[in-house]
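Sequence order for the protein chains is X and D.
Taking full-length UniProt numbering, the leading residue of the first sequence gets 1, the next gets one more, and so forth.
Taking full-length UniProt numbering, the leading residue of the second sequence gets 1, the next gets one more, and so forth.
Simulated from the structure, these hints should not be mistaken for laboratory data.
Bear in mind that the values here come from a model prediction, so they are computed numbers and not experimental data.
Hints are supplied without guarantee of correctness; some may be wrong.
[Claimed, not checked] Restricting the straight-line Cα-Cα distance to at most 30 Å, the calculated cross-link-like pairs of lysine-lysine (DSSO-like) are: (1) X/K314 <-> D/K51; (2) D/K71 <-> X/K314; (3) X/K241 <-> D/K110; (4) X/K521 <-> X/K489; (5) D/K71 <-> X/K310; (6) X/K366 <-> X/K419; (7) X/K419 <-> X/K346; (8) D/K110 <-> X/K366; (9) X/K491 <-> X/K212; (10) X/K408 <-> X/K314; (11) X/K366 <-> D/K51; (12) X/K310 <-> X/K408; (13) X/K414 <-> X/K350.
[What the hints assert, rightly or not] Just some of the chain D residues that point at chain X, by a computed CB distance under 7 Å: (14) V56; (15) A83; (16) P85; (17) A102; (18) S103; (19) P109.
Glycine included, C-beta positions come from ideal geometry on N, C-alpha and C.
The primary structure of each chain is shown beneath.
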Amino acid sequence: MSEQNNGVLPRGVTQQEFNAAVEKFRALLGNENVLVEQQQLVPYNKIMMSVENAAHAPSAAVTATTVEQVQGVVKICNEHRIPIWTISTGRNFGYGSAAPGQRGQVILDLKKMNRIIKVDPEMCYALVEPGVTYGQLYDYIQENNLPVMLSFSAPSAIAGPVGNTMDRGVGYTPYGEHFMMQCGMEVVLANGDVYRTGMGGVKGSNTWQIFKWGYGPTLDGMFTQSNYGICTKMGFWLMPKPPVFKPFEIIFENEEDIVEIVEVLRPLRIRGIIPNSAVIANILWEAGSGNVRRSDYITEPGHTPDEIQKQIQKDTGMGAWNLYAALYGTQEQVDVNWKIIVDEFKKLGKGRIVTQEEAGDTQPFKYRAELMSGVPNLQEFGLYNWRGGGGSMWFAPVSEARGSECRKQAAMAKRVLHKYGLDYVAEFIVAPRDMHHVIDVLYDRTNEEETQRADACFAELLDEFEKEGYAVYRVNTRFQERVAQSYGKAKRDLEHAIKRAVDPNNILAPGRSGIDLDTYKS
Amino acid sequence: MKSRSRMLPGRAALGAAVVLPLALMFGAGAQAAQWENGQELYDNLCGKCHKPEVGVGVPIQGRGLPFEYVKAIVRNGFRAMPAFPEAYIDDESLAQVTEYIASLPAHQPKQK
Chain X
1 MSEQNNGVLP RGVTQQEFNA AVEKFRALLG NENVLVEQQQ LVPYNKIMMS
51 VENAAHAPSA AVTATTVEQV QGVVKICNEH RIPIWTISTG RNFGYGSAAP
101 GQRGQVILDL KKMNRIIKVD PEMCYALVEP GVTYGQLYDY IQENNLPVML
151 SFSAPSAIAG PVGNTMDRGV GYTPYGEHFM MQCGMEVVLA NGDVYRTGMG
201 GVKGSNTWQI FKWGYGPTLD GMFTQSNYGI CTKMGFWLMP KPPVFKPFEI
251 IFENEEDIVE IVEVLRPLRI RGIIPNSAVI ANILWEAGSG NVRRSDYITE
301 PGHTPDEIQK QIQKDTGMGA WNLYAALYGT QEQVDVNWKI IVDEFKKLGK
351 GRIVTQEEAG DTQPFKYRAE LMSGVPNLQE FGLYNWRGGG GSMWFAPVSE
401 ARGSECRKQA AMAKRVLHKY GLDYVAEFIV APRDMHHVID VLYDRTNEEE
451 TQRADACFAE LLDEFEKEGY AVYRVNTRFQ ERVAQSYGKA KRDLEHAIKR
501 AVDPNNILAP GRSGIDLDTY KS
Chain D
1 MKSRSRMLPG RAALGAAVVL PLALMFGAGA QAAQWENGQE LYDNLCGKCH
51 KPEVGVGVPI QGRGLPFEYV KAIVRNGFRA MPAFPEAYID DESLAQVTEY
101 IASLPAHQPK QK
């Protein structure tokens, strides 16, 4: 039987206590599902954040395949005060990947719980386990010729709906606000109870994935971005596959155009003329995802000068801003809405419209069209080649869908990033009223000095945005405590009161979103 | 389109029988961890970045990469390439994909 050889223990746990827990894990799960050797744990320690791997090294990883096993794991953790960090597919790149939030936490890997429990093509929903990937679900829908469509984030082929939705991730279709489309969760609580949200507690109910609210308090949201339970099943709604899908791009030449783009776009989104989570990608996002590399243009360190960005625009035909959206429905519906959109942008007098027929198979149009129609790909990972070196952290402040606000945030972010010699690589994901202003803080993680700069840069981005009343909607595990502070004391006090009530031994992912009974002082 | 082995009908809904009487309506309800074969793993995962026509990861086909090398990169990750634990890709599947990519023609870069 293998021995632990990585010298890492959970916070406050002795080797003897840890060993006793490991023995119980082995009895529960089998030796092959309890990983304690360094070489077995290495894959769980690969991060993209601006901190040493050691800060997020697990002491062990266990894999469960059933709800009963998850209950058993929780019981053992309570007995020995072992903190666990649960992952579904572990593909939360740029937010912490598969690594634990705190050094020494035991990974509970649910990748092997990968059953697609149900897909109902008439009521248009799915019910899945945590290890199911979007790619797996896509194949299932294709193989069975089901008339439904998925919505997912860019790492679609290899990430999964449970993890993405629990982290309140977004996609690019009309169902792109994923948590809004979630309906029914099964959650293993720290005391071992199995709790089903919404209608899930009603014996014989067939509306668990139909009606979200159930009766009394609705608690689904409490389990997202939190550490109050372990989601072991999740339902979510699927969009009916439309007879006609019409993706398009509108290319804008100047950085300042963002104000007018947003002012034209917002009414179209609020009125539902453009139904999907459209995106407005800047030149460097567009270039990176289109397989352009920084080294093709410049080898000097530091940020990429504006004149180089203009040269990329000239060489590639990409815009300073690139709006991607799509229409869905019958031909008549699409035709009507298309005319409205074309007229609106014609009135603006700016923007070059590109249709799928004109774009053909060129990137990044092709992968954008796929993401907007629920076809998985990994093309956006091209961003990581822009600067190279494997460093990436998402800085994602929420913005009003107002042109002046978007311009203000873009200018602020660019200024701070350039101060640290890094690039503003950004897209706005467009909801009717808000924007997820998603900025990929890309840096060379093989360069220690650059990694330290990226770390300081990210901290300053948080500070500077906070001063203006902005905060991020999601963050990597390196900065989760810092971001929790932005949201205020009353919220944190309540979150810890709930934590004391539902997980008094603090075994479930301590530190998640800044919730940690051992360290929080009111 | 081929089926993935982990999609095949398998074990009944675990601990969910009360609320999931229609769970197997479309033959779903499978649980398995293995990839069907090397081609399936390449087409659905590795190739999403590494196929020459994608251009995100370096081409790996037709290079005769040894299993131990492939395994080391997959388990450790490399720069931006993510690491994959055994729960995601088991050793046997890695061996199959190593054999499969070796059987494919090498990528011939276009002359500039």
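Checked hints:
This hinted pair checks out: X/K314 and D/K51 have alpha carbons roughly 28 Å apart, not beyond 30 Å. For the given pair, D/K71 sits about 42 Å from X/K314 by alpha-carbon distance, which is inconsistent with the 30 Å threshold. About 38 Å separates the Cα atoms of X/K241 and D/K110, which puts this hinted pair outside 30 Å; it is violated. Our distance criterion of 30 Å between C-alpha atoms is met by X/K521 and X/K489, whose separation comes to about 10 Å.
Taken as a hint, the D/K71 and X/K310 pair is broken in the structure, with Cα atoms around 42 Å apart against an allowance of 30 Å. The suggested pairing of X/K366 with X/K419 is violated, with an alpha-carbon distance near 34 Å, which exceeds 30 Å. For the given pair, X/K419 sits about 38 Å from X/K346 by alpha-carbon distance, which is inconsistent with the 30 Å threshold. For the given pair, D/K110 sits about 21 Å from X/K366 by alpha-carbon distance, which is consistent with the 30 Å threshold.
About 24 Å separates the Cα atoms of X/K491 and X/K212, which keeps this hinted pair within 30 Å; it holds. For a cut-off of 30 Å, the pair hint linking X/K408 to X/K314 stands: about 26 Å separates their Cα positions. Proximity of X/K366 to D/K51 is assessed by CA-CA distance (about 16 Å); at most 30 Å being required, the pair is judged to hold. Distance check on the hinted pair: X/K310 and X/K408 sit about 21 Å apart at the alpha-carbon level, within 30 Å; holds.
Among the hinted pairs, X/K414 with X/K350 is consistent with the structure: their alpha-carbon atoms are about 24 Å apart, no more than 30 Å. Interface hint at D/V56: satisfied, since its Cβ lies 5 Å from the closest Cβ of chain X, which is below the 7 Å cut-off. Interface restraint check for D/A83: the shortest CB-CB distance to chain X comes to about 4 Å, inside 7 Å, so the restraint holds. Taking 7 Å as the C-beta cut-off, the interface hint given for D/P85 holds, the closest approach to chain X being about 4 Å.
Nearest Cβ of chain X to the Cβ of D/A102: about 22 Å, over the 7 Å cut. The hint is violated. For D/S103, the interface hint is violated, the least distance from its beta-carbon to any beta-carbon of chain X being 22 Å, above 7 Å. The interface hint given for D/P109 is broken, as the beta carbon of that residue sits about 13 Å from the closest beta carbon of chain X, more than 7 Å.
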